[in-house]
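Each chain, written out:
There are 2 protein chains.
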Amino acid sequence: MAKSDLLTRWLALDALSGVGLVRKLALVEAIPWSQFWERAKRGRLPGLSEAQHRALLEPDQAAIQRTLSWLNSNPQHHIIPLTDSRYPPSLRNIADPPLLLFVAGDPDLLHRPALAMVGSRNASLAGRQLAQQWARTLTELGWTIVSGLAEGIDGAAHQGALEQGQTVSVEGCGLGSVYPARHRALAQSITQNGARVSEFWPGVGARRSHFPRRNRIVSGLSQGVIVVEAGLRSGSLITARLAAEQGREVFAVPGSVLDPNRIGCHQLIQQGAKLASDPVDIIEELLLQLSTDALNALIRPTTMDVESLPVPALLDSVDYDATPVDDVVARSQLPVDVVLEQLTEMELDGWVAAVPGGYVRLRGK
Amino acid sequence: MAKSDLLTRWLALDALSGVGLVRKLALVEAIPWSQFWERAKRGRLPGLSEAQHRALLEPDQAAIQRTLSWLNSNPQHHIIPLTDSRYPPSLRNIADPPLLLFVAGDPDLLHRPALAMVGSRNASLAGRQLAQQWARTLTELGWTIVSGLAEGIDGAAHQGALEQGQTVSVEGCGLGSVYPARHRALAQSITQNGARVSEFWPGVGARRSHFPRRNRIVSGLSQGVIVVEAGLRSGSLITARLAAEQGREVFAVPGSVLDPNRIGCHQLIQQGAKLASDPVDIIEELLLQLSTDALNALIRPTTMDVESLPVPALLDSVDYDATPVDDVVARSQLPVDVVLEQLTEMELDGWVAAVPGGYVRLRGK
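These protein sequence lines are chains Z and S, in that order. Each residue of the first sequence is one higher than the last, beginning at 1 in our numbering. Each residue of the second sequence is one higher than the last, beginning at 1 in our numbering.
Worth double-checking, as some hints may not be accurate.
Said to hold, decoys possible - Distance windows between CB atoms, simulated: (1) Val280/Z with Glu151/S: 30 to 36 Å; (2) Asp96/Z with Leu258/S: 36 to 42 Å; (3) Gly272/S with Pro89/Z: 50 to 56 Å.
The hints are simulated quantities; they were obtained by calculation from the structure and are not laboratory data. Built from N, CA and C at the ideal position, the CB exists for glycine as well.
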């Protein structure tokens with residue numbers, strides 16, 4: 001199946017209204033993808049009405065085309081379905097992972113050891129400074145910092161991470177826009193030196209109800225969540241609760257008992273979150289829980305992933321300069337559709353990149 | 001046996017050198033007091049040398065006389081042996097209670113529900129203010145505040161407790177002097193509205209080695225210990241460790257992770273101490289652990305005292321609305337100076353309050 005056909009089907013399933021995410025996940029889990037659409041055509045997906053079968057098979061093509069245009073407008077744009085090897089395993093492990101992940105930036109980053117830093121939008125200067133310093137220290141030690149691109153603590157954490165390393169923003173609107181607007185330049189930096197992530201289609205705007213949903217992805221992408229500042233009803237407390245439910249470690253930074261911005265942090269510690277007094281403490285706590293793969297990624301951050309993949313047969317047919325598909329076909333002596341499929345897979349695995357005029361090779365063997 | 005003979009023997013045992021406290025406690029535990037001195041006379045106390053038997057039977061009479069003079073110089077002075085019913089039960093329960101407790105003030109107070117507040121000598125202003133406020137709140141709720149009479153947090157805790165209630169100072173020198181000297185007036189107030197406590201004879205001066213020993217009594221007299229501020233090597237951490245060993249609850253007040261005066265507090269929380277964000281939280285935690293007697297003492301702290309006071313003769317001369325002093329004089333047919341004196345006493349005992357225009361009655365009989 002061509003890449004865009006595959007995506008069209010995922011988008012149709014994602015867009016299907018009247019069926020909740022958990023039900024969609026159960027369907028995808030229960031029925032092999034190869035049979036899924038045959039059964040859909042025969043109206044045989046369990047629990048779906050006739051109208052829903054129809055909506056699945058005849059989705060809003062205009063909306064899908066707009067989304068695919070976003071995808072194709074920039075080689076840094078990605079749409080990653082749940083079953084794709086680029087989908088981050090730690091997020092796939094949660095109870096309600098998004099069916100599709102929209103990414104602007106480097107999706108490989110989502111496979112690296114990560115810590116979330118979250119906190120109040122109207123944070124204190126001290127809180128923002130601490131977030132920025134800790135984020136810098138943690139990225140220097142090889143960790144990726146995940147946050148929500150909000151004002152206050154989130155923004156400071158992203159800034160600190162960008163000083164020495166990479167960061168992931170999980171956003172409450174589609175990646176076609178930036179919320180809050182004053183973080184537009186920050187979002188651009190993250191696309192270049194990290195990854196912007198959303199479960200919302202590129203054209204979707206920010207809504208209040210999006211942010212609690214966004215928070216489960218913040219913690220789902222992370223081994224642990226650091227709550228830097230949080231008032232009594234802070235959204236960060238939701239992130240902390242979700243993180244605990246997802247089996248992620250929760251850390252909270254203490255402060256004066258008179259500071260309303262710390263009430264939430266102190267409550268979290270009283271309820272069992274770890275008191276975070278130093279970023280190195282946090283890491284020591286987490287290193288014991290990392291898988292060997294994640295530990296290796298931490299020690300050798302960029303080289304690993306590709307080395308473990310088998311070298312694709314077509315690799316030598318693609319040059320380090322733009323190579324037209326026709327040339328690849330001629331060199332490999334394989335049918336065009338086979339070549340296209342393999343090139344797509346090679347692109348997903350990071351061996352080559354699609355560029356104007358063909359494909360360019362990115363790595364040696 | 002006369003009271004002073006009994007005390008002389010306890011003092012002789014306490015003064016016996018070359019035998020540690022734990023060994024002395026074991027002897028007192030193993031041998032009934034009625035047989036103890038018979039066996040001593042026959043040289044049959046297990047593990048004691050001939051010279052030690054002699055020292056026990058022929059102690060330094062001059063030192064003992066000086067100590068008994070201190071006892072007899074003031075009706076508020078007490079020397080309480082381990083087996084005395086006035087000895088506080090919570091202190092008797094620890095592994096190494098003092099054989100003798102020297103008290104200046106009200107020894108009954110040592111039987112009431114108590115919380116220790118401890119912290120740095122060179123405390124921050126914020127720390128001292130918090131200690132004072134929490135101590136006031138806790139005494140208003142019926143708890144006694146125990147601390148070490150040191151500068152900084154200790155002094156602030158005693159001051160706060162004295163504003164509405166009572167406090168206990170456990171001291172690192174004999175009660176014949178005050179250390180630090182600038183807390184002399186504070187020590188006098190505590191004698192009047194609380195109790196000064198020491199295991200050292202009245203003539204013993206302050207020594208560095210006394211303070212860690214003193215700390216086990218601070219925690220031993222308390223249901224819980226609140227560490228308000230503590231640096232990395234603070235003596236308060238010793239108190240906290242001793243409290244945990246004694247099975248007492250340990251609370252620590254958080255603060256900025258950048259504040260060196262809080263490092264010890266944060267470490268305590270990381271090691272399992274409860275984060276204290278509010279004095280009421282602390283009490284809720286402790287109420288569950290109190291004995292029925294202690295709970296009763298707590299539930300009726302102020303009404304009990306007042307109820308046990310005789311109803312003042314003037315009470316019916318004061319209305320529940322503001323009553324001019326002239327009216328009280330007219331009704332009571334007593335001289336003005338007598339009326340004023342009695343009104344002041346009634347106010348101290350909580351029967352009436354001074355208001356613009358006179359006095360108002362606060363309670364029935």
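Quiz item: Between Asp96/Z and Leu258/S, is the Cβ distance one that fits in 36 to 42 Å?
Solution: Roughly 38 Å apart at Cβ, these two residues keep to the hinted range, so it holds.
Quiz item: Is it true that Gly272/S and Pro89/Z lie within 50 to 56 Å of each other by Cβ?
Solution: 33 Å, violated
Quiz item: Between Val280/Z and Glu151/S, does the beta-carbon spacing fit 30 to 36 Å?
Solution: Holds, at about 34 Å.
Consistency with the previously given hints fails for number 3 only.
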